[in-house]
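Heads up: the protein sequence lines correspond to chains A and B, in order. Per this note's numbering, the very first residue in the first sequence carries number 1; after that it's consecutive. Per this note's numbering, the very first residue in the second sequence carries number 113; after that it's consecutive.
Hints may be right or wrong, so weigh each one.
[Said to hold, decoys possible] Listed next, the in silico DSS-like pairs over lysine-lysine satisfying Cα-Cα at most 30 angstroms (straight line):
{"#": "1", "chain 1": "A", "residue 1": "9", "chain 2": "B", "residue 2": "180"}
{"#": "2", "chain 1": "B", "residue 1": "219", "chain 2": "A", "residue 2": "57"}
{"#": "3", "chain 1": "A", "residue 1": "9", "chain 2": "B", "residue 2": "222"}
[To be verified] So, partial list: chain A residues that the calculated Cβ filter (under 8 angstroms) puts toward chain B:
{"#": "4", "residue": "5"}
{"#": "5", "residue": "7"}
{"#": "6", "residue": "8"}
{"#": "7", "residue": "28"}
{"#": "8", "residue": "30"}
{"#": "9", "residue": "33"}
{"#": "10", "residue": "45"}
{"#": "11", "residue": "52"}
{"#": "12", "residue": "69"}
{"#": "13", "residue": "86"}
{"#": "14", "residue": "90"}
{"#": "15", "residue": "99"}
{"#": "16", "residue": "100"}
{"#": "17", "residue": "105"}
{"#": "18", "residue": "106"}
[Unchecked claim] Some chain B residues flagged as far from chain A (calculated, every beta-carbon gap over 12 angstroms):
{"#": "19", "residue": "119"}
{"#": "20", "residue": "150"}
{"#": "21", "residue": "154"}
Since the hints were derived computationally from the structure, they do not count as laboratory data. Using N, Cα and C, we set each Cβ at its ideal position, and we do this for glycine too.
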Amino acid sequence: DSGVTQTPKHLITATGQRVTLRCSPRSGDLSVYWYQQSLDQGLQFLIQYYNGEERAKGNILERFSAQQFPDLHSELNLSSLELGDSALYFCASSPRRADTQYFGPGTRLTVL
Amino acid sequence: AQSVTQPDIHITVSEGASLELRCNYSYGATPYLFWYVQSPGQGLQLLLKYFSGDTLVQGIKGFEAEFKRSQSSFNLRKPSVHWSDAAEYFCAVVYYGGSQGNLIFGKGTKLSVKP
Numbered sequence: 001d002s003g004v005t006q007t008p009k010h011l012i013t014a015t016g017q018r019v020t021l022r023c024s025p026r027s028g029d030l031s032v033y034w035y036q037q038s039l040d041q042g043l044q045f046l047i048q049y050y051n052g053e054e055r056a057k058g059n060i061l062e063r064f065s066a067q068q069f070p071d072l073h074s075e076l077n078l079s080s081l082e083l084g085d086s087a088l089y090f091c092a093s094s095p096r097r098a099d100t101q102y103f104g105p106g107t108r109l110t111v112l
Numbered sequence: 113a114q115s116v117t118q119p120d121i122h123i124t125v126s127e128g129a130s131l132e133l134r135c136n137y138s139y140g141a142t143p144y145l146f147w148y149v150q151s152p153g154q155g156l157q158l159l160l161k162y163f164s165g166d167t168l169v170q171g172i173k174g175f176e177a178e179f180k181r182s183q184s185s186f187n188l189r190k191p192s193v194h195w196s197d198a199a200e201y202f203c204a205v206v207y208y209g210g211s212q213g214n215l216i217f218g219k220g221t222k223l224s225v226k227p
């Protein structure tokens, strides 16, 4: 158990819908990262937050957004969902940037 | 651009045999390197990491990795593989340009273990 929690574990929804994925980092970790894992693209970085502020963006679509709250938990919002958004979404946390990242169990999103 | 290459998509070894998974990176500065393992349907578990110092690092589950700057490699090894090691293994480097710190992953190597 890494200490990073993600909910829900599985999510099945339809095209065009909007979903929210939630992540609670390890106690004391200020950085939160979101990654997407798909068969064709592999593991790709989406977005990073540090102590409530956005620090970096990767290959994140405009339909996707995220935020980190004062209690340091983070939410990833995916809207206007398409079939191709079906993937495993991981959250990771670390004490600082460029430090060891610990991953949550992931949320498997299926868009039908 | 920074990148990580894992040349072997799938490797099969016999239980008890030794294992080496290859990883090459492209990075302009001193890299921070990691190996993670993902069992089917599971998240990513950290096996080991290299930040600096001794180039041979020990990890969990009997794994070790050696950083070779001249070869831009960080290969993962285990002297005797167990059936429970069957999983997918990912090499990663931290990109810490600017204020970032995200991981750049290789495509992964899937390990199968024959009885």
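A quick look at each hint next to the structure:
1. Using a Cα cut-off of 30 angstroms, the hinted pair residue 9 of chain A and residue 180 of chain B is violated, with the two alpha carbons roughly 39 angstroms apart.
2. Straight-line distance between C-alpha atoms of residue 219 of chain B and residue 57 of chain A comes to about 20 angstroms, which keeps the hinted pair within the 30 angstroms bound.
3. Proposed proximity of residue 9 of chain A and residue 222 of chain B is supported: the alpha carbons are some 23 angstroms apart, at most 30 angstroms.
4. Hint status for residue 5 of chain A: violated, given a least beta-carbon distance of 11 angstroms to chain B, over 8 angstroms.
5. Evaluation of the residue 7 of chain A hint against chain B yields a violated restraint, the C-beta minimum of about 13 angstroms exceeding 8 angstroms.
6. Proximity of residue 8 of chain A to chain B is violated relative to the hint, the smallest CB-CB distance being about 14 angstroms (cut-off 8 angstroms).
7. Because the closest C-beta pair between residue 28 of chain A and chain B is about 16 angstroms apart, greater than 8 angstroms, the hint is violated.
8. Hint status for residue 30 of chain A relative to chain B: violated, with the closest Cβ pair at about 11 angstroms, above 8 angstroms.
9. The criterion of a C-beta within 8 angstroms of any C-beta in chain B is met by residue 33 of chain A, whose closest approach is roughly 6 angstroms, and the hint holds.
10. For residue 45 of chain A, the shortest C-beta to C-beta distance to chain B is roughly 4 angstroms, which falls under 8 angstroms, so the interface hint holds.
11. For residue 52 of chain A, the interface hint is violated, since its Cβ never comes within 8 angstroms of a Cβ in chain B; the closest pair sits about 14 angstroms apart.
12. Below 8 angstroms, beta-carbon pairs count as interface contacts, and residue 69 of chain A has none with chain B, the closest being about 20 angstroms; its hint is therefore violated.
13. Hint status for residue 86 of chain A relative to chain B: violated, with the closest Cβ pair at about 15 angstroms, above 8 angstroms.
14. Annotation: residue 90 of chain A was flagged as interfacial toward chain B, and the flag holds, the nearest CB pair being 7 angstroms apart, inside 8 angstroms.
15. Hint on residue 99 of chain A holds. Least Cβ distance to chain B is approximately 7 angstroms, under the 8 angstroms limit.
16. At its closest, the beta carbon of residue 100 of chain A sits 6 angstroms from a beta carbon of chain B; the interface hint therefore holds under the 8 angstroms criterion.
17. For residue 105 of chain A, the interface hint holds, the least distance from its beta-carbon to any beta-carbon of chain B being 4 angstroms, beneath 8 angstroms.
18. The interface hint given for residue 106 of chain A is met, as the beta carbon of that residue sits about 5 angstroms from the closest beta carbon of chain B, less than 8 angstroms.
19. The beta carbon of residue 119 of chain B is kept farther than 12 angstroms from every beta carbon of chain A, the shortest such distance being approximately 14 angstroms.
20. Here residue 150 of chain B does not stay apart from chain A, with its beta-carbon only about 9 angstroms from theirs, under the 12 angstroms limit.
21. For residue 154 of chain B, the shortest C-beta to C-beta distance to chain A comes to about 7 angstroms, within the 12 angstroms cut-off, and the non-interface label is violated.
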